[in-house]
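Hints in hand, dock the two standalone chains.
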Amino acid sequence: MPEQFEETTVAVSGPRLHLGCPSCGAQLVVEASLRTMRCPYCAAPNVVERPPAAGVPEPVFALGFALTHVAAKEHVARWLKTRSRFTRSGIRSAEPGEVRGVYVPAYLYSVLAHSRFRASIGEDYQEQETYTTTENGKTVTRTRTVTRTEWRSLNGELKGYVADVLVTASTGLRNDELEALEPFDLRGLARYTPALISGWVAEEPSLTREQCLAQARQEAEERVGGRLGQFMPGDSHRELEHESRLEWEALDVCLLPVWVLAVRYAEGAPPLRVLVNGQTGEVHGKAPISVWKVVAAVLVLLVLVVAGWLLAQGGGR
Amino acid sequence: MSTAVPTVAPCQRCASALEAEDLRCPICGLTTPPPVHGAVERETARVVRCENCGAAMEYSAEAKAPRCDFCGSVTRVETTADPVEQAEVWLPFTVDPAAARAALMGFLGKGGFFRPSGLAEEAAVESLQPLWWPAWSFQAGVDASWTADSDAGSGRSSWAPHAGRTRFDFENIPVPASKGLKVKECEALAPHYQRGSAEGAPRGPEGAHVERFEATRSGARRTVLEAVERLSRERLQQGVIPGRRFRNVHVAVALSSLHTTRLALPAYVLAYRYKGKAYRVVVHGQDAGVVLGETPISGWRVAAVVAGVLVLLLVVLLVMGVFGR
Chain P
1 MPEQFEETTV AVSGPRLHLG CPSCGAQLVV EASLRTMRCP YCAAPNVVER
51 PPAAGVPEPV FALGFALTHV AAKEHVARWL KTRSRFTRSG IRSAEPGEVR
101 GVYVPAYLYS VLAHSRFRAS IGEDYQEQET YTTTENGKTV TRTRTVTRTE
151 WRSLNGELKG YVADVLVTAS TGLRNDELEA LEPFDLRGLA RYTPALISGW
201 VAEEPSLTRE QCLAQARQEA EERVGGRLGQ FMPGDSHREL EHESRLEWEA
251 LDVCLLPVWV LAVRYAEGAP PLRVLVNGQT GEVHGKAPIS VWKVVAAVLV
301 LLVLVVAGWL LAQGGGR
Chain B
1001 MSTAVPTVAP CQRCASALEA EDLRCPICGL TTPPPVHGAV ERETARVVRC
1051 ENCGAAMEYS AEAKAPRCDF CGSVTRVETT ADPVEQAEVW LPFTVDPAAA
1101 RAALMGFLGK GGFFRPSGLA EEAAVESLQP LWWPAWSFQA GVDASWTADS
1151 DAGSGRSSWA PHAGRTRFDF ENIPVPASKG LKVKECEALA PHYQRGSAEG
1201 APRGPEGAHV ERFEATRSGA RRTVLEAVER LSRERLQQGV IPGRRFRNVH
1251 VAVALSSLHT TRLALPAYVL AYRYKGKAYR VVVHGQDAGV VLGETPISGW
1301 RVAAVVAGVL VLLLVVLLVM GVFGR
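Chains P and B supply the protein sequences, listed in that same order. Read in the numbering used here, the first sequence has 17 at position 17, and its numbers run on one by one without any break. Read in the numbering used here, the second sequence has 1186 at position 186, and its numbers run on one by one without any break.
For reference, chain B alone in the conformation it holds in the complex (with noise of 0.2 Å):
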């Protein structure tokens, strides 16, 4: 996914991305480079009059801001804001709607010996929702300390503590951040979507729905930085550690260069009705290939199923018994 233009310079420490209105970087706390403004060549008293009335104004505890008592009027003061987030790159529908009907119907003819047989023809498409769905992905250098107790090298204990410093490279490494798909279904459909393909503005099916982010900023960063706690203590135990089992494993991140991108990712949510139930499937936006869902079991198939089995595990123990006398 193309990484937006900077507007802001990032930190000058950890190189992390900024907001034009961070004070602090939000990941090692440096401070901003503060907006420059001419010095003060000699000592001087100064009243800070509203700027509404002009009358003198002092800060109030009250609106914890300075308020104006004449008018009332409150000005507002250089903090870090908090805003809801919202999405900045959006991916297009290249799959279109019939196509999507289609993938459907192949996912419901297609296999799985348990699916009751006719599904495609009985089962009655309810609605067709193209929606985009909000996700982060980011990159970020991580320089990951790490102690843990594994099998390596044991000794009387069946565990050894072992200690070390790695570095990751997290690239396009995309959050989840939909209420209404589950994380299963996100993370299937995350890497099918043509990275390349990202656009400023919403392009796709009519009607389509936008799914808000409903985290602000802050919550964004703390999503993040859990995602990378997470991949990098995953990623530790794939390798990195030396042995085969663990436990107390131990991470602390330094991070460098964390770049967040918020996306808007195309999907479409079908619903369908077989013998009086509904059952939900997610049709992927760019790749009609990724159909995921719930299907009805055939009942008679599965008892079916269980009823060979016992007959077969009967046939079984009477053989070994009349061979065992």
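Isolated chain P (complex conformation) (with noise of 0.2 Å):
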């Protein structure tokens, strides 16, 4: 829809509101980057309405909670035992600590991409070929069946919908780690509303549209790329270029549910971060690696190798 290309955004930045509690009527102090409040004196759980303004697009679409706190932690448990036994000790037998629901502002991003590419592609065919070789120390003369590659070059088209391409638009949750908690069950969009997210913590988009829209392309261009290789004819192909014209663009802020948690397995090591899909129970984290306990295998197996190799050689005196 073109009317969504006008705006130029700026991230979310400003001072904080104070809001009187409808509830209790106590004054509410709101981060400018957050939807929901929880009264602190009422506990009465609000959800922020603002004026559209300029660069905070409003959520078109939020994707439920589907795991509970209790399921997101059961996740989590299961997922420190499973760590490799080189991270750092504490790890595989720390407790998940607090978890908190968050719904996170990504785009939702679609488009109509038209790309033309051009390839070589290779076409096998089988040939006769007669050698000599040396049979019983006489030279013989023998044929044999290779299979040979006739290259063709191919210029083409591919026109067809990106849909379902999801970036982050929030600082806190980098898209390489949206990335590992995909993929969402899109079928279980549901429209926008202030229900959706009352009682959790909901996050207005922290990153600029453009930000967000170049991120966009780049993942449907990606995309574009997997499919032109899968749709090559022939045996194998090469070369494989193309460039895409990108139509009918659209992008809205959709609202995910991740369960984020701060796992602490040390003193003085700051806590492992962990994040939970909120719908499918996906887990990502990066659990840090002892060094020690690397270079300690090492030699180990060092001392082993050595240990195996004089053994040898006293054997073999």
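No lab work stands behind these hints: they were computed from the structure. Check each hint, because a few of them may be wrong.
Selected chain P positions facing chain B (Cβ under 8 Å, derived; list incomplete) [stated by the list, open to error]:
#1 49
#2 67
#3 99
#4 196
Quantities reported herein were computed from a predicted structural model and do not represent experimental measurements. Glycine included, each C-beta is placed from N, C-alpha and C at the ideal position.
As structure tokens, then:
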């Protein structure tokens, strides 16, 4: 929709809001980056409504949490137990700490991609070949069948919709983290309504629309590239190049359910951040590797190899 | 078949028909325009209240919906609905049960050397069931990009690569949704329906059975898209891709203006018994000339023909042997 592209956007920043709690009348201080706020006095789950502002698009969709608090914790506990032995001590036995359910803003992008490609297509064929070889001391001529490849150039087009591209709109969740949590089942998409986020933490988009659009275009291009790889005829192909024209772009804010946990595994070490897809239970985190454990393992291996070699030398004598 | 009056504006990007509950276009993924609501004037904090008891309400991951902790009532949120499909267009029966029975008799009496003689007289019609079977009918513009290997222009290898883009317009393409009838029967019946005779309500003999759609809306869309891809692939191989032999045919379709109609099509299913065995015949509900079904085969006649062919072969061999010397 063309009107969506006229806005030039800036990241959410600005003064905190001072709002009255509709339940008890107490003053709420709301961060500009948040959409929800629980009243510290009466615990009423407030949803902040703001007038439309340039650069802060309203969410269009939200994907509700399907995984409960308890289930999310269980998923993380299982994930921690299955980490490699080389992770820092304490991780595999750590207890998941505080779990927070956050609706993370993301952009849902769809486009009609019109690509032109050029590639070299390999068509195999078989040929009889004569060769000479030595058999029983005599030189003989034999024939054999060899497969050769004929390379032909091919130009063509691929036109299709690329829907369901999700890119993060939050500085709190990097796009590679979001990709690790994907896929989300978009059939469960609901039209945004304050009731969907009531009682949960919901962020406002903190990345500009332009940044997200660039990221989304890149992801769409990558998907087209993947499709083209599948699309090539012949027995093999090489030098596949393509350029795409993206038409009819659409970009909508969608709130995604993510459980965020901080796992404390050692005194003094920063807590390990673990993310859980609030819909499917997919867990993502980077458990730090212990340098000492790896060095020790390598040393033990070296000692074993050397010992084995010495024994072999000793045995060979 | 007349297209139903669209009550929802089509998708702005691909012009495909949308259902009222669609949040996004099922073909291209474009967001449907949201219902208009007044913009907020100034920042406010709002508490979502239970419509039932007025208590503050939160979203519950257990209920997968906003739920009131006090009275337990759950608020429905707007999601893409996926109801089971229902017929919207009915074609009336123009063949009455008597005519259907007559059509069966005609079918049994007529031709076919291997049919036992006296089949029409001895067959006992056991049941005659008028029914409407479900089908989708779609129209769409298809922008098909394709690549394939074919024998045209081949060099040392017997295959040469080809690529192209073609536009097809599909109109009134039936896609059977019946579980009771075989796909072959559906395909044979479908072209003989009078497309102009569509009505909004069933009209036919009493006791006519209505076979329900078993697919949900999303399942229906998948089936229709599969049909589009299959048909595009078939049409591409009938004259679009150069050459006579093909392999590695890849087709990618971009649809526009997809419009699907849910049909109920009339037919008679008859069962008859001949020498203790039951056979099934389907008679078209609008054209008594279309009769599909199985007939018994006369074992004697088959044996006679096989024996005749063998004797003939033997004679030929003998003659050849005689002259060969």
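Do the hints match the structure? See the list:
Given hint, residue 49 of chain P at the interface with chain B, holds; its Cβ is 5 Å from that chain's nearest Cβ, closer than 8 Å. Contact between residue 67 of chain P and chain B, as hinted, is supported at the beta carbon level, the nearest pair being about 6 Å apart and thus within 8 Å. Against a cut-off of 8 Å between C-beta atoms, the interface hint on residue 99 of chain P is violated, since the closest Cβ of chain B lies about 11 Å away. Taken as an interface hint, residue 196 of chain P checks out: its beta carbon lies about 5 Å from the nearest beta carbon of chain B, inside 8 Å.
When the structure is compared with the earlier hints, a violation turns up for hint 3 alone.
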